[in-house]
Every structure is written in structure tokens, then in C-alpha cells.
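The sequence shown finishes on residue 803 if you use the numbering used here, and the numbering steps up by one all the way, no holes.
Any given hint might turn out to be false.
Stated by the list, open to error - The calculated label-pair distances, taken between Cβ atoms and stated as ranges, are:
#1 TRP763 with ALA789: 16 to 24 Å
#2 ARG337 with ARG547: 30 to 38 Å
#3 ALA801 with ALA772: 17 to 25 Å
What the hints contain is simulated information worked out from the structure, not anything from laboratory work. Quick caveat, the model's predicted, so the values are computed rather than measured. Just so it is clear, CB atoms sit at the ideal spot from N, CA and C, and this is done for glycine as well.
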Amino acid sequence: MRVFLQRIALFVLLLSAVPAQAQSSIPASLEPWRGWVLQGQEYRACPLVAGRPGNAEADFLCAWPGVLALSAEAGGAGVVQHWRVDAESWVPLPGDAEHWPQQVTLDGQAAAVVDRGGPALRLAPGSHEIRARIPWRERPQTLRVPQTLGLVALTIDGKPVVPAQRDGDELSLGRTSIDTPEADSLELHVYRRLTDGVPAELTSVIEVYASGQAREEVIGPALPQGFAPLSLVGEWPARLDADGRLRIRVQPGNATLTLEARATAPLTEATAHPAAAPWPKQEIWSYAAAPRLRVTSASSPVQVDPRQSNVPSDWNALPAFALADGARLTIEERSRGLAADDRNRLTLDREMWLDFDGDGWFARDHVQGEMLQGWRFDAAAPFALERADAVGVGYRDNDEPLLVTRGATPALSGVEWRTPAVDLAAGLRIVPTGAALPIAGWQDSFDRVDTILHLPNGYRLLGAPGADRAIGSWISAWTLLDVFIAAVLTLLAWRLFGAAGGIATAAYLVLGYQEAGS
Numbered sequence: 286m287r288v289f290l291q292r293i294a295l296f297v298l299l300l301s302a303v304p305a306q307a308q309s310s311i312p313a314s315l316e317p318w319r320g321w322v323l324q325g326q327e328y329r330a331c332p333l334v335a336g337r338p339g340n341a342e343a344d345f346l347c348a349w350p351g352v353l354a355l356s357a358e359a360g361g362a363g364v365v366q367h368w369r370v371d372a373e374s375w376v377p378l379p380g381d382a383e384h385w386p387q388q389v390t391l392d393g394q395a396a397a398v399v400d401r402g403g404p405a406l407r408l409a410p411g412s413h414e415i416r417a418r419i420p421w422r423e424r425p426q427t428l429r430v431p432q433t434l435g436l437v438a439l440t441i442d443g444k445p446v447v448p449a450q451r452d453g454d455e456l457s458l459g460r461t462s463i464d465t466p467e468a469d470s471l472e473l474h475v476y477r478r479l480t481d482g483v484p485a486e487l488t489s490v491i492e493v494y495a496s497g498q499a500r501e502e503v504i505g506p507a508l509p510q511g512f513a514p515l516s517l518v519g520e521w522p523a524r525l526d527a528d529g530r531l532r533i534r535v536q537p538g539n540a541t542l543t544l545e546a547r548a549t550a551p552l553t554e555a556t557a558h559p560a561a562a563p564w565p566k567q568e569i570w571s572y573a574a575a576p577r578l579r580v581t582s583a584s585s586p587v588q589v590d591p592r593q594s595n596v597p598s599d600w601n602a603l604p605a606f607a608l609a610d611g612a613r614l615t616i617e618e619r620s621r622g623l624a625a626d627d628r629n630r631l632t633l634d635r636e637m638w639l640d641f642d643g644d645g646w647f648a649r650d651h652v653q654g655e656m657l658q659g660w661r662f663d664a665a666a667p668f669a670l671e672r673a674d675a676v677g678v679g680y681r682d683n684d685e686p687l688l689v690t691r692g693a694t695p696a697l698s699g700v701e702w703r704t705p706a707v708d709l710a711a712g713l714r715i716v717p718t719g720a721a722l723p724i725a726g727w728q729d730s731f732d733r734v735d736t737i738l739h740l741p742n743g744y745r746l747l748g749a750p751g752a753d754r755a756i757g758s759w760i761s762a763w764t765l766l767d768v769f770i771a772a773v774l775t776l777l778a779w780r781l782f783g784a785a786g787g788i789a790t791a792a793y794l795v796l797g798y799q800e801a802g803s
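Turn these sequences into a full structure, and let the hints steer you where they fit.
This is the structure we're talking about:
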């Protein structure tokens with residue numbers, strides 16, 4: 286019996302983790318269990334709020350409110366609102382304990398209002414219309430309208446109030462003058478970035494400019510054929526319907542929506558089909574190649590200057606094209622994978638400390654740049670990697686540690702690195718030490734290597750052959766003037782004191798000329 290209960294519990298966990306889109310793949314033998322397993326999980330059939338993890342009911346939007354039409358008069362206010370509900374939900378109503386909604390009807394039938402921190406109704410899935418009356422003896426200065434009811438069409442004594450004045454959950458009813466409503470208008474600018482990949486990704490930036498009353502606009506379809514939506518984020522509440530159209534709660538002003546999508550098939554071209562007005566007749570497309578996957582180029586009849594086309598600033602380095610209805614963006618594949626001359630572009634900043642007994646070194650490395658191939662950093666003997674961290678900028682104590690493993694041979698030690706952007710901090714031990722050391726020690730080439738040496742008292746760096754500059758070394762301290770002066774002094778000593786005097790003077794100058802006070 287215990288084993289049976291464990292299996293049932295495991296089955297419940299697995300089935301409850303299946304998203305609503307995949308429920309059609311449930312085996313027929315398990316279909317009768319659907320209602321029992323998903324009891325209390327009905328909200329998983331609702332749209333997921335962008336950026337939420339999807340673990341709790343609050344991460345899903347199961348009730349989508351329409352415009353709240355509120356008509357205030359001397360004796361009360363009339364309320365009319367439409368709701369679209371995907372799973373049984375509580376929805377709020379305007380009003381409070383002092384101004385409680387009366388004569389409430391749901392789809393023409395009387396409905397009971399429940400106090401849930403304010404008046405609320407329980408709605409079943411579907412589309413509904415709510416009507417109510419809020420009576421008062423004297424019109425209040427403000428009326429409670431939850432912020433969830435984002436769009437409000439307010440009329441006072443038969444005259445529209447635009448824009449409605451809100452402060453949190455309070456809607457102002459006390460205006461003495463009614464402004465002439467501004468005509469409704471809507472203007473869109475659409476910019477798209479097509480990023481090559483597996484699959485290709487399409488980022489659509491939709492700039493919305495609106496005037497007039499707060500309202501709900503339906504525009505689109507927002508995506509061209511061959512792309513499936515992934516996420517939608519923006520400054521105004523918006524959702525993407527099943528038919529691909531955007532439903533936006535617009536307000537006077539402007540906002541930006543960002544729609545992420547992926548290609549549903551390998552991509553060789555993309556065709557623009559702008560929707561009807563107010564969608565612009567021409568879209569600006571930018572193309573971002575992925576040379577580590579394949580070398581491609583994009584072309585279209587009308588190429589534009591990204592800066593003059595007002596594309597997002599981080600797209601300015603990408604080629605941009607103006608695509609009208611039916612225009613195509615053709616992608617030409619020139620080669621697959623990296624070109625022969627493509628390599629990792631890395632820089633190395635190193636600090637090294639010599640042991641007091643001179644038997645070994647400790648090195649602290651900071652590797653930055655871009656990785657295109659290899660996807661592993663290995664240090665070769667006599668370098669031994671002791672610690673590695675993935676960092677942001679500079680060195681921090683709370684960096685993410687990486688697992689150090691053996692390389693292809695016992696003499697190699699390193700870490701795996703799987704992202705193109707490289708920011709690695711590493712600690713290495715070099716034992717035994719010798720008169721010469723490799724410049725880098727890593728099994729990779731670097732565009733630049735900067736090394737700072739810290740030597741104990743009594744040690745001196747003679748030189749660093751192969752380095753462009755070795756500031757502070759004994760050889761770097763000698764200038765042409767110093768050599769000339771030492772040579773003249775040695776020659777004078779030779780003439781005055783003979784060969785022994787010349788040799789002694791030369792030895793003294795070589796060893797002591799650069800020492801302070803010599």
C-alpha cells in the first residue's frame with residue numbers, strides 16, 4: 286500500500302508539472318485522472334505573466350478586464366465592465382464598504398457580491414458583462430477603483446472626463462470643470478532584430494504613441510509567418526491572443542513593447558507582412574549574424590542607415606533594411622562553422638608573487654574577452670590551476686566558483702567555459718621555479734598579456750626576453766647614455782690602472798651602476 290501511494294504521489298507531481306499546452310499528449314489510460322490531478326491547478330491553463338517563474342497562481346493571469354465604464358451622477362454611479370476569464374477567478378468591483386455596489390448583474394442575471402478586501406465576484410471561464418449601481422446621497426470626492434481595473438472611462442453628469450485622475454486605488458470624482466476630450470489616435474513604430482541561430486530568434490520592439498482616452502486597442506498580427514512567440518514585456522498591460530494579435534491597454538502617452546519569438550523552421554529568408562493600420566506600412570529589420578555557427582549575410586532591396594532610422598541604440602552596428610508588405614530579407618550562407626582565421630580573442634592580466642625561499646610562484650590571473658571555440662581553459666605544467674571563478678568585473682569574494690578538472694593529459698588542469706563572453710579569475714601555483722617561465726602558461730593564445738611581479742627583498746629581475754616592455758627589470762634600466770658613461774669610465778680605468786683596474790671597474794659598474802647611492 287505504501288508503494289502504491291508513493292507511485293500516486295510521483296504521478297501527481299509529474300502530471301501537475303506538465304504545462305497546459307502539452308496536456309493533449311497525456312496517455313489515454315491516464316486521461317480519467319486529469320481532473321483529480323489538476324484539482325486546484327486550473328490556473329495553469331491561463332497565460333503566464335512575462336518574467337514570472339510559473340510556480341504560483343499569482344504568476345498567471347486568468348482574468349482580463351475590459352474598460353470600466355463609470356457614469357457618476359448626483360444620486361449614484363452606473364458601472365459596466367466586460368471580463369474575459371480563462372479559469373474560475375475572483376474579480377474586483379469598484380466601491381467599498383461605504384459605497385457598496387447594488388443591483389449587480391452578471392450576464393443579465395442577479396449576482397451575489399462578496400467582501401474580499403472590497404467587493405468581488407466569482408466568475409466562471411468565458412466572456413462576461415457586469416452591470417451594477419453604486420448609490421450615494423452626496424457624490425463623494427473619490428471612489429475606490431482597484432488598480433487591477435486599469436482602463437476607466439469616466440463620465441460625470443453626462444460629460445466625459447479625460448484623463449481620469451487616479452491616486453492608487455482612489456478615482457477622483459470631484460472635478461469642477463470638464464475638459465474637451467482629445468480625439469483618439471494611435472501611432473506605431475516597429476523595429477525587428479533577426480538573430481541567426483538554432484533556432485533563429487526575432488526580437489520585435491513596438492513603440493506605441495497614443496492620445497485621447499484610456500482604452501483597449503487590438504492590433505496585429507504582431508509576428509510574421511514562421512515565428513512562434515516566446516515572451517512579451519512592456520510598460521503598458523498587454524497580451525498576445527491566440528490569433529497573434531496584440532491586446533494593449535493604451536493610455537495618453539507612449540510606451541514600448543518587446544516581443545520575443547523563435548523561428549519554427551530553418552531560416553533562409555524572412556518575409557514581412559505588416560498588419561492593417563495602425564500598424565506601420567514599413568518595418569525596419571536588423572540582422573545579427575552568428576559567425577561561430579555559420580557565416581551569413583543578409584540582403585534586401587532597401588537598405589537604410591540604422592542611426593537615421595531610429596533603431597534601438599544597441600542595434601546600430603547591425604545592417605538594417607526597410608521592409609514593406611511582401612518584401613523579403615534574404616539570408617545567404619557562405620560557410621558553416623568558424624572560418625580558418627577565427628580564434629578566441631582574449632586578454633590576460635596577471636600578478637605573480639615569488640616565495641621568500643625562491644622555490645615557487647603564486648599567480649592570480651584575470652582572463653577576459655570572447656571565446657569562439659575550444660570552450661575550455663587549460664594550464665600546462667609547471668602551472669597548476671588551484672582555483673577558478675566566474676566573475677563580473679574585477680575580483681570579488683563572492684564570485685561563482687568553477688570546478689577544476691584534469692585536462693586531456695595529466696600535465697593539464699583547467700575548467701570548462703560555455704559562454705562566449707569570458708570573465709575568469711584564476712589562482713595558479715608554479716612549482717618548481719626556474720630561470721625561465723612561459724609567458725602565459727595557458728593552452729590558448731592571447732592578444733595581450735600584462736604581468737606584474739612581486740619579488741621579496743634580495744631578489745632582482747634581470748630581464749624578460751620576448752616581452753615588449755619589462756619595466757623595473759635590470760636590463761630595462763640601462764639607457765644608451767648609461768652604457769656610454771660606463772664604457773668611458775671603464776676605458777679611463779684601463780688606461781690609468783691597467784687591465785686589472787679596467788676589469789674591476791667594469792664589474793663594479795655592471796653590478797652597482799643602477800643601485801641607488803652606488
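Here is what the structure says about each hint:
| no. | hint | result |
| --- | --- | --- |
| 1 | TRP763 with ALA789: 16 to 24 Å | holds (20 Å) |
| 2 | ARG337 with ARG547: 30 to 38 Å | violated (20 Å) |
| 3 | ALA801 with ALA772: 17 to 25 Å | holds (22 Å) |
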